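All chains, full assembly: derive it from the sequences and hints.
If you read the protein sequences in the order shown, they are chains A and B.
Per this note's numbering, numbering of the first sequence is gapless, rising by one per residue and ending at 438.
Per this note's numbering, numbering of the second sequence is gapless, rising by one per residue and ending at 514.
One thing to keep in mind: the hints can contain errors.
Partial selection, computed: residues in chain B whose CB lies under 7 Å from chain A [as the list claims (entries may be wrong)]: (1) N466; (2) L468; (3) A487.
A few chain A residues facing chain B, derived, Cβ under 8 Å [said to hold, decoys possible]: (4) I180; (5) L324; (6) P376; (7) N380.
Chain A stretches covered by chain B per the calculated footprint, using a threshold of three residues with CB under 8 Å from any CB of chain B [claimed, not checked]: (8) 166-179; (9) 207-218; (10) 295-305; (11) 308-320.
It is worth saying that the hints were derived from the structure and are not from the lab.
Quantities reported herein were computed from a predicted structural model and do not represent experimental measurements.
Just so you know, even glycine gets a beta-carbon here, dropped at the ideal spot from N, CA and C.
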Amino acid sequence: MMTLEDYLAQDARLYPDKAAAVCGTETCSYSMLYERVCERAKEYADSKGKVVLFRASQTIDFLVTYLAIHKAGAVAAPMEKGTPQELFDELGKKLSSYDVPEGIADVLYTTGTTGRSKGVMISHRTIIADAENLIAGQGFSHELVFIINGPLNHIGSLSKIFPMIVLGGTLYIIEGMKDINLFFHALDYPCEKMATFFVPANVRILTQFSADKLASYAEKIDFIECGGAPLAHADMIDLCRLLPKTRLYNTYASTETGIISTYNYNDGRCLVGCLGKPMPHSRIIITPEGHISCQGDTLMSGYIGEPELTATVLRNDTVSMADLGHIDEEGMLHIGGRQDDVINVGGYKVAPTEVEDAALLLPDVKDCICISAPHPITGNALKLLVVMADGKTLNKREVALHLKQQLEIYKVPMLYEQVTTIERTYNGKLNRKFYRQS
Amino acid sequence: MKEEIRTILEDLLPLVDFDSDFLFSELNSLDVTTILMSLSDKYGIKLEALDATPKNLKTLDSIVALVERKLQEKQS
Numbered sequence: 001m002m003t004l005e006d007y008l009a010q011d012a013r014l015y016p017d018k019a020a021a022v023c024g025t026e027t028c029s030y031s032m033l034y035e036r037v038c039e040r041a042k043e044y045a046d047s048k049g050k051v052v053l054f055r056a057s058q059t060i061d062f063l064v065t066y067l068a069i070h071k072a073g074a075v076a077a078p079m080e081k082g083t084p085q086e087l088f089d090e091l092g093k094k095l096s097s098y099d100v101p102e103g104i105a106d107v108l109y110t111t112g113t114t115g116r117s118k119g120v121m122i123s124h125r126t127i128i129a130d131a132e133n134l135i136a137g138q139g140f141s142h143e144l145v146f147i148i149n150g151p152l153n154h155i156g157s158l159s160k161i162f163p164m165i166v167l168g169g170t171l172y173i174i175e176g177m178k179d180i181n182l183f184f185h186a187l188d189y190p191c192e193k194m195a196t197f198f199v200p201a202n203v204r205i206l207t208q209f210s211a212d213k214l215a216s217y218a219e220k221i222d223f224i225e226c227g228g229a230p231l232a233h234a235d236m237i238d239l240c241r242l243l244p245k246t247r248l249y250n251t252y253a254s255t256e257t258g259i260i261s262t263y264n265y266n267d268g269r270c271l272v273g274c275l276g277k278p279m280p281h282s283r284i285i286i287t288p289e290g291h292i293s294c295q296g297d298t299l300m301s302g303y304i305g306e307p308e309l310t311a312t313v314l315r316n317d318t319v320s321m322a323d324l325g326h327i328d329e330e331g332m333l334h335i336g337g338r339q340d341d342v343i344n345v346g347g348y349k350v351a352p353t354e355v356e357d358a359a360l361l362l363p364d365v366k367d368c369i370c371i372s373a374p375h376p377i378t379g380n381a382l383k384l385l386v387v388m389a390d391g392k393t394l395n396k397r398e399v400a401l402h403l404k405q406q407l408e409i410y411k412v413p414m415l416y417e418q419v420t421t422i423e424r425t426y427n428g429k430l431n432r433k434f435y436r437q438s
Numbered sequence: 439m440k441e442e443i444r445t446i447l448e449d450l451l452p453l454v455d456f457d458s459d460f461l462f463s464e465l466n467s468l469d470v471t472t473i474l475m476s477l478s479d480k481y482g483i484k485l486e487a488l489d490a491t492p493k494n495l496k497t498l499d500s501i502v503a504l505v506e507r508k509l510q511e512k513q514s
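Below, the structure written as structure tokens:
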């Protein structure tokens, strides 16, 4: 089996002068990228078989580091760049004590299906299966220029590197969507076809604040994939109207399952909640309880150092998800809600207990619950309801800054409210169902 | 107006230090969108994503100047 790094070597041979990656004013050809990867791999010579933890960045250097770690026979563990140093060091120590099974390429940290942070092991075989799924399912091509605008420690953006290197396409990396001018500048790149991946908040930003400008690129944008969290129907309709010829995909994917199925909702029907047919390397099964289970080569190899936890999710080569769904008469997957406490915020899954535990470390916080609340941009956001100690008033900024020191940034709630009591069940547990329904 | 804008934005974005001289570098795309949406609604002006440049969002003062400019455009 060829690995991503074998494909990179092949690209360097076949298309040495072609742009592999563009970022700001820097352009790196395939021959340059391969050379830099080989050179950097020497730095990881002593790490063969070990996990190398590093902070992700949206730069060409990220690609060099990520691919070099693989080339050296080590395992890449890219972390969110804002991960608190203490947490970073703790994980680094923990990971160095684990034996990594043969064939593992990456360890990606996620909250995922089980409600707490853990490292998902991704094999080299999985990376290639994800690449082949995306090529077959969405029409990635050698001529395509793909704009990466999201964090590269997250499967949503990271997975797009795979088909682009397999095919020898061009990656255009921007730091994010906060300066929308940079995104439009990327769209001005001289080429025929471009594509990108958005989380729902990106779509809302563009349709609300830059609709006309986006529409002016309608001929050039080959496709846009949306993932991470469900896209609001109004946003789907808006995008179809602005980009009538563009393929617009909603995808079912997670770190644990890999890239499973995809649906082009710009098909005249614009079906809400539809995530399409399974891609070539994937199969979907709906359990008698209505849960989505996935099979195929894109599945994770397990959670690092946590065989018991792995066994609760990965059994008989099948990953069981907390998502509810059904398959329609055309064989397309439709997703319902989740049947657990995990909150999905813009593609990041957050266990509310982790937020609550961190908030309760503040002496003036007497009780709290972290819930999902409506948000005009993201669709939903984390909200912390707080009972303060007698005579104390909630200071949002103080609580938010405290949480930022304890947790990754996406786990820090955007919304806060002081309340007098938190609803609990008859046996004293937090009554999450009450807050989901209210 | 500056204190009014500060109150609105601090309430919506508790993690952001609006006294920073390098405000834009502290913001993420969601923060930027929140600023655009809330100020558009509050002052009845049309802020677009293309207005969200590093220069216009460099400090709280530059945000205030942006709002004032848009209000003037609206009146003229």
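**Request:** Let me know if the C-beta of A487/B comes in closer than 7 Å to any C-beta of chain A, holds or violated.
**Result:** Result: holds, 4 Å to nearest chain A Cβ.
**Request:** Identify whether the interface hint at P376/A stands, where standing means a beta carbon of chain B within less than 8 Å of its own.
**Result:** Hint holds; P376/A Cβ to chain B Cβ min 6 Å, cut 8 Å.
**Item:** Verdict on chain B covering the segment 295-305 of chain A, criterion of 3 CB contacts below 8 Å
**Value:** The restraint on the segment 295-305 of chain A is violated, since only 0 of its residues have a Cβ under 8 Å from chain B and three are required.
**Prompt:** Quick one, is the N380/A hint okay against chain B at 8 Å, beta carbons?
**Reply:** violated (12 Å)
**Item:** Minimum beta-carbon distance criterion (7 Å), L468/B to chain A
**Value:** holds (6 Å)
**Per-stretch coverage check for the segment 308-320 of chain A, three Cβ contacts closer than 8 Å to chain B** = violated (count 0)
**Message:** Please check whether L324/A passes as an interface residue: C-beta within 8 Å of a C-beta belonging to chain B.
**Reply:** Violated - the Cβ of L324/A stays beyond 8 Å from chain B, reaching only about 28 Å at its closest.
**Message:** Let's test the interface hint: is any C-beta of chain A closer than 7 Å to that of N466/B?
**Reply:** Holds: closest Cβ of chain A sits about 6 Å from N466/B, inside 7 Å.
**Interface hint for I180/A, Cβ within 8 Å of any Cβ on chain B** = Result: holds, 4 Å to nearest chain B Cβ.
**Prompt:** Residue count check for the segment 166-179 of chain A against chain B: does it reach three with CB-CB under 8 Å?
**Reply:** Satisfied; 4 residues make the cut.
**Prompt:** Are there at least three residues in the segment 207-218 of chain A whose beta carbon sits under 8 Å from a beta carbon of chain B?
**Reply:** holds (count 4)
Violated hints, listed in ascending order, are 5, 7, 10 and 11; each of the other numbered hints is respected by the structure.
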